[in-house]
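Can you build the whole structure from these sequences, using the hints too?
From first to last, the protein sequence lines are chains E and D.
Sequential numbering from 25 applies to the first sequence in the working numbering.
Sequential numbering from 26 applies to the second sequence in the working numbering.
Think of the hints as simulated: they come from the structure by calculation, not from any bench.
Don't take each hint at face value.
Claimed, not checked - What the simulated footprint calls covered on chain E by chain D, stretch by stretch (three residues with Cβ under 8 Å from a Cβ of chain D suffice, anywhere in the stretch; the number is not a length): (1) 37 to 50; (2) 179 to 186.
Said to hold, decoys possible - The following label-pair restraints were derived from C-beta to C-beta distances: (3) E:Asn107 <-> D:Gly90: 38 to 48 Å; (4) D:Ser167 <-> E:Ala113: 34 to 44 Å; (5) E:Ser86 <-> D:Asp196: 26 to 36 Å; (6) D:Asn115 <-> E:Thr28: 49 to 59 Å; (7) E:Ala147 <-> D:Phe139: 55 to 65 Å.
Where is the CB? At the ideal position from N, CA and C, for every residue including glycine.
Spelled out, the chains give:
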Amino acid sequence: MTTTLDQLPNRLSVDRDGAFPDLVRTLQDGVYSGALQFTRNRQDAEDVTQETFVRAYRAIESYDKDRIRDLQLRSWVWTIALNVCRNRARTVDRHPETALVDDRVDRTADTAGEAAANIDLGAWRLRLASLTGPQRTAVVLHHVVGLPYGEIAESTGRSESTIRSDVRRGLARLRTLLEEEMR
Amino acid sequence: MTHTETITTHLAALRRSAPESTLHAVLRRTDLTDEYTLIEGPTGPAYIAWNGRGITAFVPVEAVGSPSDFETRHPRDASFVEAPPDRLVNHLDHAIETGRLGRLPVDLSAIGEFQRRVLEKCVEIPPGEIRPYGWIAREIGSPGAVRAVGTALGRNPIPVLIPCHRVVRTDGRIGNYAYGSPMKRSLLEHEGLDTEAIETQARLGVRLVGSDTTGIYCYPTCRHAKRINDAHLVEFRSETAAVEEGYRACKVCRPAA
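See the structure below:
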């Protein structure tokens, strides 16, 4: 998996259209998993995921070969994804009616296990929502998506030490929340 | 007491797979999805794929099997449709009927520079005629790259329509084909060539033929060679032999540099 990601910039620079589907395949689960936490429902998360990759393709179309070859693909895609999430949040704030559907409890779950997993997803989304924006971004990208600190720093334009402390503080806040819930 | 490890385990479990529709939707929105259908080719049914730029693949059904096998081996995302679009259908019918690409657009954008030059040169070979690999190498200005020409033709994504079956061994024998030598022969026979006779001629060492009235020599299947009267037909084993006897190369089939 990681070797594929390593080879992708080179392949994209040689055969953009041939390699692009592999870029989507390699990164779509991560983007979707993050977007599930940064948006209000699965539909929004899917829209964000699609929009992210469509924008990534348009960007690559305008880049020359050297620029494509030098791309740090995952953090670059996440820069785009975070932008798409921010824009969407802005639209939802301005048009609250678009946010009426919140599938915190997913009604389309096929099995009891799946339903429980989805309730869990909703509960954690709620807890994560009480973090500060930067803390939530750092915690989700590091612990849900699995991005290393350095890549989070790159995609958010902040320093690696700031990201580390955001993750630490975010986790501490989550621990407090859980302890309060159990009391 | 809640441990941080418990929390991070929970967070890692929030990872989900993107919906299956995501990839296809993205590729459709970026114009990277090909469509394909089943058509009747010159020697049987074949899958044919295209995108906005032109034809991207031609694969005989007997070489690949079911539609899902075709989708797996096709280099891009492909979805089945009932028929080719209007913008292609007439040109496609015409190309299959005449054996000439004509105005049918092909998309070679995913192909390297050298292979593209080889395939574009190959398109110039008329139906019912054959040329050796070395001819293509010479024509594209890389006379030493005979082997590379063979490789490039072997990876032709649009065989039949880009007629790599019309390129044969330097000794004049029919040679190999990506979908097997029998299919190559049947494609050539479909165009009116007698492959048995071609092989016999090759075995006898005849590479070129000339007319003693015009003093011009050609590849044996050149349309001008076919017009030579038996009484005036001269056979040559090599260019040198033809030149030594005072013949000059045909300007249509260009058997020499």
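Structure-based check of each hint:
1. 37 to 50: holds (count 7)
2. 179 to 186: violated (count 0)
3. E:Asn107 <-> D:Gly90: 38 to 48 Å: 44 Å, holds
4. D:Ser167 <-> E:Ala113: 34 to 44 Å: 57 Å, violated
5. E:Ser86 <-> D:Asp196: 26 to 36 Å: With a Cβ separation near 50 Å, Ser86 of chain E and Asp196 of chain D fall outside 26 to 36 Å, so the hint is violated.
6. D:Asn115 <-> E:Thr28: 49 to 59 Å: Given about 42 Å between the Cβ atoms, the range is violated.
7. E:Ala147 <-> D:Phe139: 55 to 65 Å: 58 Å, holds
Of the numbered hints stated above, those contradicted by the structure are hints 2, 4, 5 and 6, listed in ascending order.
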